[in-house]
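Q: Just need the whole structure built from these sequences, with the hints factored in.
Number of protein chains: 4
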Amino acid sequence: MSQKLQVAVAGIGRMGMRHARHFATLTPRAELIAVCSPVQSELDAAKAEFGCRTYTDYETMLREEKGLQAVVVASATTVHAEQAIKAIERGLHVLCEKPISTSPEISQSVVDAYSASIKKFPTQKVICGFSRRFDASYRDAHARMAAGNIGTPSVFRSQTCDKLDPSGFFVAYAEFSGGIFVDCSIHDIDLALWFFGEETKVKSVTAIGITAVQPDLRKHNDRDNALGIIEFYGGKIAQLYCSRMMAAGQEDCTEIFGTDGKIAINTQPQLNLVNLYESTGIRREIPADYYGRFREAFITEANEFTASCLDNTKPPLRLDSAVKAVTIGCALQESLITGKKIEFDESGKRVEASHL
Amino acid sequence: MSQKLQVAVAGIGRMGMRHARHFATLTPRAELIAVCSPVQSELDAAKAEFGCRTYTDYETMLREEKGLQAVVVASATTVHAEQAIKAIERGLHVLCEKPISTSPEISQSVVDAYSASIKKFPTQKVICGFSRRFDASYRDAHARMAAGNIGTPSVFRSQTCDKLDPSGFFVAYAEFSGGIFVDCSIHDIDLALWFFGEETKVKSVTAIGITAVQPDLRKHNDRDNALGIIEFYGGKIAQLYCSRMMAAGQEDCTEIFGTDGKIAINTQPQLNLVNLYESTGIRREIPADYYGRFREAFITEANEFTASCLDNTKPPLRLDSAVKAVTIGCALQESLITGKKIEFDESGKRVEASHL
Amino acid sequence: MSQKLQVAVAGIGRMGMRHARHFATLTPRAELIAVCSPVQSELDAAKAEFGCRTYTDYETMLREEKGLQAVVVASATTVHAEQAIKAIERGLHVLCEKPISTSPEISQSVVDAYSASIKKFPTQKVICGFSRRFDASYRDAHARMAAGNIGTPSVFRSQTCDKLDPSGFFVAYAEFSGGIFVDCSIHDIDLALWFFGEETKVKSVTAIGITAVQPDLRKHNDRDNALGIIEFYGGKIAQLYCSRMMAAGQEDCTEIFGTDGKIAINTQPQLNLVNLYESTGIRREIPADYYGRFREAFITEANEFTASCLDNTKPPLRLDSAVKAVTIGCALQESLITGKKIEFDESGKRVEASHL
Amino acid sequence: MSQKLQVAVAGIGRMGMRHARHFATLTPRAELIAVCSPVQSELDAAKAEFGCRTYTDYETMLREEKGLQAVVVASATTVHAEQAIKAIERGLHVLCEKPISTSPEISQSVVDAYSASIKKFPTQKVICGFSRRFDASYRDAHARMAAGNIGTPSVFRSQTCDKLDPSGFFVAYAEFSGGIFVDCSIHDIDLALWFFGEETKVKSVTAIGITAVQPDLRKHNDRDNALGIIEFYGGKIAQLYCSRMMAAGQEDCTEIFGTDGKIAINTQPQLNLVNLYESTGIRREIPADYYGRFREAFITEANEFTASCLDNTKPPLRLDSAVKAVTIGCALQESLITGKKIEFDESGKRVEASHL
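Chains as they are written, first to last, in the working numbering: chain A, 1 to 356; chain G, 1 to 356; chain W, 1 to 356; chain B, 1 to 356.
No wet-lab data here; the hints were simulated from the structure.
Among the hints, erroneous ones may be present.
To be verified - Taking lysine-lysine pairs in the DSSO-like style, the calculated list, with each CA pair at most 27 Å apart, reads:
| hint | chain 1 | residue 1 | chain 2 | residue 2 |
| --- | --- | --- | --- | --- |
| 1 | A | Lys314 | A | Lys4 |
| 2 | G | Lys203 | B | Lys219 |
| 3 | G | Lys4 | G | Lys201 |
| 4 | G | Lys119 | G | Lys98 |
| 5 | W | Lys219 | A | Lys203 |
| 6 | W | Lys219 | A | Lys219 |
| 7 | G | Lys4 | G | Lys340 |
| 8 | W | Lys66 | A | Lys201 |
| 9 | B | Lys4 | A | Lys4 |
| 10 | B | Lys201 | G | Lys219 |
| 11 | W | Lys119 | A | Lys203 |
| 12 | A | Lys349 | W | Lys340 |
| 13 | B | Lys119 | G | Lys201 |
| 14 | B | Lys340 | G | Lys340 |
| 15 | B | Lys47 | A | Lys4 |
Said to hold, decoys possible - A partial selection of chain B residues facing chain A, derived with a Cβ cut-off under 7 Å:
| hint | residue |
| --- | --- |
| 16 | Pro28 |
| 17 | Asp140 |
| 18 | Gly261 |
| 19 | Ala264 |
| 20 | Glu278 |
| 21 | Val351 |
Model, not experiment: these values are computed from the prediction.
From the three backbone atoms N, C-alpha and C, an ideal C-beta is built for every residue, glycine too.
A: As structure tokens, then:
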């Protein structure tokens, strides 16, 4: 077998550890050589599990790991862009967790850094980890749509709804998350762009929301349930629902309505293939969180990113699409708070209210 | 509108009252004129609800109700045949609840009475109420099969499983029910004959069973869970499951496996179109009993029986098929108790063990 | 049995004939005595089927049918209000098909007429036929919600999506339908009011839409697919989808998200309990139209309306709620066309854009 | 990380290559070092994919691979036992594909060889690969049952139904497969033993069958559709269905009925989470074969077998249970052909017909 891709993971909190595990044990063509984190206990846990080198400082890791080829940026969202750019500038491949940034401008700066860098390192791959793009069901749906099975996709409905966490976690988290549309719906927006075509241009967004279970979210200009509608140029529309209030578990689903049919993904969620017949009826459980739903997709992501780097093949998704998704997510979040509809011209510029 | 069919109901226990209600209020072309029951309180209830005449004696009712055209026999199974024959001999139309009798011979005597009577009353209709034949889903399935959609139907699976009744009702009931294969599986056997063709001949039956929740059923040579397999001449086989132990409710379902496809009926039972998303997962309820599942079928039965009588059209099912169903049900019940496989030659005669 | 309610049906097109049939044959306590229609062939068909009297003129019918107690208004929407008011003023009970009118003002005039009339005829019942309120699944859902099973209902999602009709019917129909939000979503809006509480006040609506399959709908300021979001005072939000483009059949479903759980109605639509296993997979059909889905509800409506009239009990729904539903539907339709968000103050008055 | 388990695969046909791939790339603690096959093209393919050593002769491989620790026997069923015994006698760990043999006696000889060998090699692990024991859904079901959630498991229903293969493959295959009950139902029988308890003793078996699509199977005393019922001592019963005739794909499902509830596994089969809404209704695909259904289970099997070998922990299943499963499968196959019920006493001995 050929040489394995030498990978480091930056940020090994809950999701970073999962990425580390996927690359260390479930990505045959990759080797996890190092991790970094400011938290010593996390480094100890990673060393114990993977036997890799550990660093408290990201730049030190980049500098000292001479054989390093690829970095997975799984740190706090606030440092995604900075860490990604540092790796990009060294010619390293980068898999950056979503979102690149909660700011469209900062997200764009990563795209710009990559555009500059790729001239120098023409085989360099940089992607943003929209895990659903690697999910077998979403891929099956996309392939059927691309084959024309539903005619012209015209209406899109998608939701990302988290299980209620009564601990108050989401209130603290909201300070840096960019808001529920940027944190949750970013996946749905990315899917809308994928299904409608990545050249699709947003025309307007409108959002409304409430705080049904976590009123303190208002301190951070956030909501726990929000609805958004998006118009795209070219006669396509989308509706989104994001929530932190689901009782049963993670409820993510998507429907693509075309002129000749519809494809539904996960509209009947389930944990596995078990149904329980009890005195109260028939019951099934559903995954408690996104990882329960998308674990396989993350593993596929690790493997395909690795293959793309090693074989210098087209990366599995486009980086600039991530900027579009954040831009739309931020506009929805703004509309959610201001109550205003936000419009864009075909060049992507905001149309000011005074011009309406 | 034409003259309404003048109907009486014999036996107005739980199911008899439902029949009475169907004919009185949900069968526009019928009129409920009388009921009979040995129980005065039942008669009072019927009079209050329907305003019909009431009788404590069946023969009195037949004699005194001069305009009577049709009788629904919904009394205890032990008197089905006797009451049916008395009505038949008077030239009345008869809808007899299933089974005609727990004895094949007695069942045959009703068929014989009808064969004799119809010479005198050529428009007379006598049917045994296999309600599933009137169910929209079973009919849709049968029509698709008959249209050749699944090729040659070859394997049949069906189950009639009652909700657990911890009151001990089924123990007392077992004394006269004919046993679980005659009481429950008679429906499944009738369906097998319907789907395989009513000319289909049984070749062998074998059954096994247990008493998992009601050991006292053994006093009446009955079981609370039983499995049976049936061979038919012509390369067709069936498997049955009957039970008194379901926790969630009535679980009746059927599958017909053909050489080109399968049709499944009610393999995902449900009370209605509601799903509940709770902290324990997604739950739906199911009907508590056969009436919750088949109410519409009983109403259709009442209307089609009425139409057949008034319009002198072909009755919706054949009476002799009911004898075949009871014969097979009794053989399964015997096999359940003796542990022996029971075989039949192509003329329908038992092949004795000594000849094997 | 007591005296039967004497009923006439005004307008016996497709749905009017169904109402006539429900009252004539499936509503034991009612008697269909007359129908009216300007179309002689419709009158002939009704006479043949029901044996009732027929009129080409509505007022003549009201005048001549001395024993008439109740009128079902199932004529073209444009004359609903006028016919309803004429019946109301005569003290007749009225079941008016939805919508009362495509105009909130005209709808309100019917409510006003009823308010005036009821002083004179205190037992008079006037309802608008929101059939879903009579559907067993919606009722089960509402009862569970009312019992507190999902905590506080906070987010509502509902869709009314018709099967694609390539004949162009909907283009001609759009001239008088009031638009897709008034014609289709009126049901979803009514449900939102029912589930959130009929006192709930709308705060804002926003809508977007496209013409994906019927561009000619634009001639009548209509769309074939539209998305709407509604804010209510009191921290409740709703999202709607209406469409004329479904390939598989009628796709109506509703979800009510509460602080402790969710109830979903018909999110897995089905024609019946049959599943077909074919070489292409597992398939089930779904109802082709709203009557395929809601026939039982219409029959329940007829029976409950009848009982309410005969027994002078509370009618099964409130008339003024229908005005609220039309008002919201019209605002959504306006937003769909103008692209503007429309806001209301707590008294229900429009907040003008200049005040924003 | 600790030393990796050094694994060889014997037999690299379709399933052998999959095992090789699982160990080579998806079992982090294992290393695939060698494969053997009499077919050079298979060896070439394995070398190209895995870079491992290749052998045309099994014994040569065992002799020359000095570091070998474990063998996966995935060759033709006819040599399973012989190859397993050779590896056992060398003290190697063995994962033998099911069935060990189509003969209970030969199967027992492998158990005996292991019993002898383990005295010399006390950490040796030998298992038979009943893949469903490693499936997440079956495990979830078993855990719930073991926790008492359904009371006492009493009735078991399970089916293994293959997609129709019109090529005639199964006719040739039947010559050595041991028959449909040994080839397909062995999994269901193993599951029955697992759910009822591996000490459970068979009391009787009866089977019937047909050749609906492949009459040539009769040449090898086989059938393409068969039904079996099994009595166990202790009041437990099971029903089985095996088929080679499914149109839609692989249809494997299992239900365990307990005194307090039921667990159903895969009674609503699906390929993934996609539903297609088309003009013919709602459709979903299902896996085409057992690997499409159980791939994850095979990977778990590889990992758990590896862990058990490396860590000297209890193997994930008992070898002697495999002999019981084959014994029951062979008895069912015999009953299928002879038409006789076969009975066993509590010591496991056949009760001869003459004693009945």
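Q: Taking the hints in turn, state whether each one holds.
A: Verification of the hints:
1. A:Lys314 with A:Lys4: holds (18 Å)
2. G:Lys203 with B:Lys219: OK: lysine 203 (chain G) and lysine 219 (chain B) at ~23 Å, within 27 Å.
3. G:Lys4 with G:Lys201: At roughly 39 Å apart (the allowed maximum being 27 Å), lysine 201 (chain G) and lysine 4 (chain G) break the hint.
4. G:Lys119 with G:Lys98: Between lysine 119 (chain G) and lysine 98 (chain G) the Cα gap is close to 25 Å, so the pair holds against 27 Å.
5. W:Lys219 with A:Lys203: Roughly 22 Å separates the two Cα atoms, so the pair holds.
6. W:Lys219 with A:Lys219: Cα-Cα ~47 Å, so violated.
7. G:Lys4 with G:Lys340: Violated. Lysine 4 (chain G) to lysine 340 (chain G) sits at ~51 Å, over the 27 Å cutoff.
8. W:Lys66 with A:Lys201: violated (65 Å)
9. B:Lys4 with A:Lys4: With a Cα-Cα distance of about 17 Å, the restraint between lysine 4 (chain B) and lysine 4 (chain A) holds, given a limit of 27 Å.
10. B:Lys201 with G:Lys219: Roughly 26 Å separates the two Cα atoms, so the pair holds.
11. W:Lys119 with A:Lys203: With a Cα-Cα distance of about 53 Å, the restraint between lysine 119 (chain W) and lysine 203 (chain A) is violated, given a limit of 27 Å.
12. A:Lys349 with W:Lys340: holds (19 Å)
13. B:Lys119 with G:Lys201: Violated, at about 59 Å.
14. B:Lys340 with G:Lys340: Cα-Cα ~10 Å, so holds.
15. B:Lys47 with A:Lys4: holds (18 Å)
16. Pro28: holds (4 Å)
17. Asp140: Where the cut-off is 7 Å and the nearest Cβ of chain A is about 5 Å from aspartate 140 (chain B), the hint holds.
18. Gly261: holds (5 Å)
19. Ala264: holds (4 Å)
20. Glu278: It holds, given that the least Cβ distance between glutamate 278 (chain B) and chain A is near 5 Å, below 7 Å.
21. Val351: violated (36 Å)
Hints 3, 6, 7, 8, 11, 13 and 21 from the list above are not met by this structure, while the remaining hints are.
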